[in-house]
Structure formats: C-alpha cells, structure tokens
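J.: Here is how the chains run, residue by residue.
There are 2 protein chains.
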Amino acid sequence: MTAFDAAAARERSLLAEELQDAWPVLSPEERLEGLRLLTHGEAEDFLLGLPARDQAELILATNPGERRSWMRLLPPDDAADVIQEAPDDEREGLLSLLDEPTRKEVAALLAYAEDDAGGLMNPRYARLRPDMSADEAITYLRRQAQERLETIYYVYVLDAEQRLLGVVSFRELFAAPPRKTVRDIMHTDVVTAPEEMDQEALSRLFAEHDFLAIPVVDAERRVKGIVTADDILDVVQEEATEDIQKFGGMEALDAPYLEVGFWHMVRKRAGWLAILFLGEMLTATAMGYYEREIARAVVLALFVPLIISSGGNSGSQASTLVVRAMALGELRIRDWWRVIRREVAAGLALGAVLASIGFLRIVMWETVFHTYGDQFLLIALTVAASLVGVVTFGTLAGSMLPIILRRLGFDPASASAPFVATLVDVTGLLIYFTLASLILRGTLL
Amino acid sequence: MTAFDAAAARERSLLAEELQDAWPVLSPEERLEGLRLLTHGEAEDFLLGLPARDQAELILATNPGERRSWMRLLPPDDAADVIQEAPDDEREGLLSLLDEPTRKEVAALLAYAEDDAGGLMNPRYARLRPDMSADEAITYLRRQAQERLETIYYVYVLDAEQRLLGVVSFRELFAAPPRKTVRDIMHTDVVTAPEEMDQEALSRLFAEHDFLAIPVVDAERRVKGIVTADDILDVVQEEATEDIQKFGGMEALDAPYLEVGFWHMVRKRAGWLAILFLGEMLTATAMGYYEREIARAVVLALFVPLIISSGGNSGSQASTLVVRAMALGELRIRDWWRVIRREVAAGLALGAVLASIGFLRIVMWETVFHTYGDQFLLIALTVAASLVGVVTFGTLAGSMLPIILRRLGFDPASASAPFVATLVDVTGLLIYFTLASLILRGTLL
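In the order they appear, the protein sequences are chains A and B. Throughout the first sequence, residue numbering follows this note's numbering, covering 260 to 704 in sequence. Throughout the second sequence, residue numbering follows this note's numbering, covering 260 to 704 in sequence.
For reference, chain A alone in the conformation it holds in the complex (with noise of 0.2 Å):
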C-alpha cells in the first residue's frame, strides 16, 4: 500500500463516517446516493452494519441487478431479517434472488418466530465428528471455511444423526496434540438454546454464561444453527428501548425516533395518555367527595399537589428496581414477600425523610409569613402522617404492580412511572383527607 493509497483510504473511510453520522435524518434516496459514493468493499461493510429496517428500506430502493448482489452478501439470518422487514408483496421476489441452498436456508429461518431463538441463529457453522483426530479436524475445518461460515470460533461436535455431542474452541484444537481425538478435547457440558427460547431468555444466558455463541438444538438435540454474541447486543439494546419506552407510560415505537412517522407516534402516546387520563379522572371525583372540607379549609387545598406527588416519585423509583430487576432475572414472582418486607421498610423511611421536610417548611412559613393560620402546628401534622402514608403505600403499589402484572401474564415494564402515579394519586387524595379530618376535627373542620 503506497502512502497516496493510505491517505485515499483515508479519506473514504471518513466519508463512511460521515455517512454513518447522518443517517439517522438521510431520505432513502440520499441513503442509496451515499452508499454509492463509498467503494464497492465498504459500501458492503456499511450495508452488513445496518439494521434489517434499512437493509431491506435500501435493498427495495435499488434497481434487479444491484438488488440481487446485495441480497446474496447477507449471510442467510441477516437475508431472513430483511425478508421480514419488507412489505408481503415484495418478499417471494427476493427470496428468489437467493442461490438454491441459501433459499432453502432462509426459508426454514422464515418459519420461526422474529424474536426466537430459531429465528436469531444462522445455519452455517463449523461443525466435526468425534473421531477425528486434531490434525485431521484442523485439515476438515479448512475446506469448512471455503463456505460463507459466519464463524470457526467454536465447532460443535455432532454424531451420524447430527446430534450435539460437544463443543471444542477452535484455539483449544489449535493447541492440542495432533494426534488427540476431538472427543479427548471437546467440553460434553455445552450450554445450547432450544429453538423456541425467547430472544430475551437468550439474552439472559448470554449474560451469564460470557459466550460468543450458544447452539440452537431442537427436542432431539441436532443442532440448527448458532447465535452469536453480536447478534444478542442488538436484541439487548432493543429490549432495553422496549422496557424505557413503556416504563415512560407509552406503547413502544419500533423504529429511531427521527424516523417513525408523526401519526403513528402521537398514537402509540395517546393510548396510554387517554388510559391515564380516565384513571386520573378519579381524583376529580374524589376530590368532589372532600368538596365540603376544602371550602371549610381551603389551606388544605394547597397541599394536594406536593402530597400526592411523593407519592407518585416514590412509587416510581420502587417500580422502576422491581421492573428492571424481574427483566434481568435478577427477581422471580416467588420473592414477592421479601419485596413487600423490604419496601414497606423503605417507604416508612422515606416517608419519615419528606415528613420531616415538611413539617420543617410549614413551621418556617408560618413563622415567617404567618400564611397558615393559627392552626399550622396541627395542619403540618396532617401533611407529616400523610406524607409517611402516601409514601410508604406509593412503595408498595410501585413495587408490587409490575409483579401483579407478570402473575397475570402482562409485561412488568407496563408497570410505569405515569401508571404507578396515577394508581396512587387517588389513594393519597383518600390517605390525605381521611387523616385531615381524624386530625382537624373540631378545630379547623
């Protein structure tokens, strides 16, 4: 490589970056110009590092020729994924732009569900028998490499049925005695997935397990394919974006922000907002209830905000632990009892932090701005013991809904901060008038 080739390398590798940086805004058509600016080698490198969506977005956008090399770069789980991605009139067309046995590969891909583990794995890998000995495997696996394998890091020993027997990494083969068998090497303890596993029960043997590819068996243990450890990275990242999105009190979107379209946005957001809203109504009515008591003492109005509030923060914080401790696998529904134990503790805590606060402020006020009449000493009282009572119930709706919500066979991460808000909003309106009038009775009610 001379030093004009490097600085031309350079230099088109900077565009690729570019391109990189201004996709997410970039039009089809801008897109597909892009791509054609940059060399055949990373225009392709590009397209292999895109998501499905635009792999098949960019792949309808070109003409038959370019459409069929392209089609035939992706390794067949990738051409599976974007098969998926296109509109159902334009799928049979490229299934056929496919070779004969990547069609047959891709189409058996096509018959599993998106998000499982059949429909993650590539069919393509490195596979031996156990009899052979390392020198010959070594020799074995290098005619293996001429096909488009998607990696040769760990071959999987399987019997005449193509059963898994076990599994050797490439470097142990590599280090072992030429003459040893691979059934002297091989590991018999392999960690597989059956092809019906979801992709995040994948993710979570991933996570413990420190792979870079597990194999994907059906009931009789032959081997389908394997996944690897990039394929999870997208899985995770997109589950975690699921998880944010409904915990932030709204469907989740399926595409970039920048490039879903408005409507479809604004409705994915009005469900929920309008769900909501119709629950949040409740506290118009309970209010009403406690109507008379406000106009007797209208400072208890002033407090309903900051009251009902904690509630809701607390109850956010304790479901947003539990969510995300039940998504990691980190929490079962069967500990439901150390959960309850432990936030009960916590919400009487916290609850005991703000009540302090409060009752602090409402003194200060009065002694300084004499706003709460001669009643402030009882009226802070009020607040204090509401406050640890909408608190520590916040707590508790918060951390035992998204558990309530698996039990039932709903998604945990439903159990969002506006939800969990909206469920103790009216609780507290009921906690804070309940202690008013316990408190203030004969004197300010």
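Check before you lean on any hint, since a few could be wrong.
Stated by the list, open to error - Derived contacts from chain A toward chain B, CB cut-off under 7 Å, selection only:
no., residue
1, F433
2, L464
3, F465
4, M509
As the list claims (entries may be wrong) - Computed footprint of chain A on chain B, listed as stretches where at least three residues anywhere in the stretch have a Cβ under 8 Å from a Cβ of chain A:
no., stretch
5, 322 to 333
6, 368 to 382
7, 469 to 481
8, 500 to 507
9, 520 to 533
10, 606 to 619
11, 688 to 700
Derived by calculation from the structure, the hints in this document are not laboratory data. From the three backbone atoms N, C-alpha and C, an ideal C-beta is built for every residue, glycine too.
Given chain A, put chain B in place with the hints provided.
T.: Okay, now just chain B, sitting in the frame of chain A:
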C-alpha cells in the same frame, strides 16, 4: 462417554442450573458451599460466568490455596476487574497471586478507568506479520494458541513497531490459497477504539458494526488489546440498568436489587426524592398565591390533580423518547430544533385528545349529577383549554430537558419521569389558574 457418564454429567449440570437459579438469594458462605458441589470444570465455568463483584466476593472467601488457583484461572481483563472490586487492602495480595507475565499485564490494565476501552480490553490477542504466507501464518498462530488467548477469531497484522496494519479473520486465512501473503488477504480499513473511549461510545461502535471483537489502539495506532462482544453485552445491560434507574427518579444502584444493602438503597432513593420534594413545594406556594380564587370557586380545586398529572404524563413520554434516542446515538444536541417542532405538534395533538375527553366528562357529569353548577360550560372550557396548554408544555419540557442537561454536561437520563413531572406541576398550576381567571372573570371569580 458411556451412558452412565452422560447421565451423571446431566445431573451435575442440573446442579449448576439450580445454583445459578438460587444465586441472587444466597449468602457468600452458601455460594461457596454450592460451588464446591460442582465438578472442578463446572465450578471453573461457573466462576468465569459470574460478574466481577461476585467473583471477588467468592475469591476473598476461599482459603489461600484455592484463592491462588482461582485468580490464575481468570483472563487478565477479568483479573483486573476482580482486583478493582476488592477492598483496597486486599488488592496488592490478589495481584501477587498471579504469575509474573500476567501480573504485569494486569497492573497495566489497572491503570485504566474501569469504564474505558482500556479497562475492558484483554491484552492477549492473536497477531501476525504482513509478509507471512497464509500457511506460515496458520502455523505461527498454532504456536500462539498454546498461550491463553481469548479469541483467535480476528487476527491483527502489525508492523515491527507493533502498529496496526490490518485485520484478517481466521476464517479468511483458512480459506486463502496457502501461498498468498497475509498482506494480500488482510483488510486495511480496521475499525478501532482509542484507549480512553468511554464504554457507552464503545457499545455504540459494536452496535454499528456487528463485530465480535474490536482492537484498542493508542495514539500511535499500537494495539494494546481487544474488546470482545461478550464484554460489551455486560456493558450494555449495565448502562441500560443505570439509565432506567435514573429515569425512575433515583441514583443508579451498583448491585442487583436483592443484594444491595437496605440503607445503601434508601440513601440512593432519598436524595432525589428529597430534591423533588423541595421542588414540588413550589406547588404549595403557587396554590397559596391562588388561595382567594380557590375559596371563591372550590370547584377549581377539584381538577388540580387531573390537570397537573396530565402534564407530567405527557412530559414523561417525551423525555423517555428523547433520553433513549440520545443514549442510542439516534439524536444529537444539534437536532434540538427538529425535536421542538415535532414535540410541540405532538403536544397539541395529544392535548386536544385529552381536552375532548375532559370536556365531555364535565358536561356528562353535570347532565347526570348536577355537580358543577350553572357555569359548568365555562368550567369545562377552562379545564379543556388548560389541558391543551399543560400537555403541550409538558411535552416540550420533557423533550428539551434531556437535551439541555446534556448540553450542560450532565447525564440526559437524569431527566427522569418524576423530575419532569415536578417541573410541569408548578407550571401546570400557573397555566390552569391564569386561564381560569381569564375565562371565569365576572362569573365565578
């Protein structure tokens, strides 16, 4: 392997699964006991799959002999993590258990921040010279494989000064004609990470390129080590957990929910809760400012929770979307104007939806229960107009807060649902009572 061996192996691996399952709720002593029930190989695999915190805890709980053999089992990057997790006065001792070359490698790794590329990398990687033939390269790698390399999937081609010239995948080397030189097979457009690259940026690099490993280079492009996708998987989970916990309105916990100490957890929650409470106190001040209006028209107080919570909920949705999109690199600070236009439009649309529901609700209740008096239409109008204003403001505030926080150098994820809700509550009250005094002047007020 006989059928008996196979059955015994399955039983042992069931034991490993059970241990995995019970792990979060076991005490350090129980964990050690459980580990001792496994075969040596299983116990090693199990230990290697644990997070560094747990590894450190276990290793410190064992006797000196076991401690040495376990420390020597760890690859250098994991050994460095374990030493970083151990208490200060144990670190030197753990380091001294390693063999001489590993100790040097680990000491070098300990100089990096834990969250940087340098702190995540493994200094052992496979390397070649450009002028070797494919055949020579394979033989040379076979010798390197005797050392404990983490992966030989990618092989890096270095010049005499250890500077990176290119990369070749092992598969390509294997598939190449035996006499072709490495220089002619390698790719020169290598994606690299600088030593000090933050782990979040590094995980985006992995997401963009779908690689199983990325080399870490210094300013002179000398390769210092490689980061593999399985390490990044842990990073991505950890970053998502931190973001989600911050987003729930608390400081991120640094350990699984059930394992973190009670008072430690309460402190992590009390800080933000108290700050939010102080902010929310402004609502009491704002309400106090309108005390006369409330006394004259108590009916106004009834809708306070409904209106402010709608602002909080819509703000929570908007900030969720923006925080996540920024974390994934889909949105940058300079996109702020696009976000504003989009979110104001979304806020108006969502506000209109809630306003219609709210208006209908008041009119229906009045028709059925006669709750709101003669001026119910004006009240309904006040509530509806306030909803449009509050939801639009909430959406705008929720989407801009994360962008402003990042601009000021803070973590956008601190724009939590409770933070946004608190911000919007105070403003929501001002919007509501201002509109009320405009619309109801001369009638109720």
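J.: Per the CB criterion, is A:F465 less than 7 Å away from chain B?
T.: holds (6 Å)
J.: For the stretch 520 to 533 of chain B, do three or more residues have a beta carbon lying closer than 8 Å to a beta carbon of chain A?
T.: Our answer is that it holds, as 8 residues pass the Cβ test (under 8 Å) against chain A, meeting three.
J.: According to a criterion of three or more residues whose C-beta lies within less than 8 Å of a C-beta of chain A, is the stretch 322 to 333 of chain B covered?
T.: violated (count 0)
J.: When I compare C-beta atoms, does the stretch 606 to 619 of chain B have three or more residues closer than 8 Å to chain A?
T.: With 6 residues close enough to chain A, the hint holds.
J.: Would you check whether A:M509 satisfies its interface hint, that is, whether its CB is within less than 7 Å of any CB in chain B?
T.: For A:M509, the interface hint holds, since the closest Cβ of chain B sits about 5 Å away, which is under 7 Å.
J.: Per the coverage rule (Cβ-Cβ under 8 Å, at least three residues), is the stretch 469 to 481 of chain B covered by chain A?
T.: n = 3 at 8 Å, threshold three: holds.
J.: Within the stretch 500 to 507 of chain B, is the number of residues with a Cβ closer than 8 Å to a Cβ of chain A three or more?
T.: holds (count 6)
J.: How does the coverage statement for the stretch 688 to 700 of chain B fare against chain A, requiring three or more residues with Cβ below 8 Å from a Cβ of that chain?
T.: Since three or more residues must qualify, the claim that chain A covers the stretch 688 to 700 of chain B is violated, with 1 doing so at under 8 Å.
J.: Interface hint check: A:L464, Cβ to nearest Cβ on chain B, cutoff 7 Å. Holds or violated?
T.: violated (10 Å)
J.: Quick check on the hint: A:F433 CB to chain B CB, less than 7 Å?
T.: holds (4 Å)
J.: Taking 8 Å as the Cβ threshold, is the statement that the stretch 368 to 382 of chain B is covered by chain A upheld or broken by the three-residue rule?
T.: Three-residue rule not met by the stretch 368 to 382 of chain B, so violated; n is 0.
Comparing the model with each earlier hint shows violations of hints 2, 5, 6, 11; every other hint is respected.
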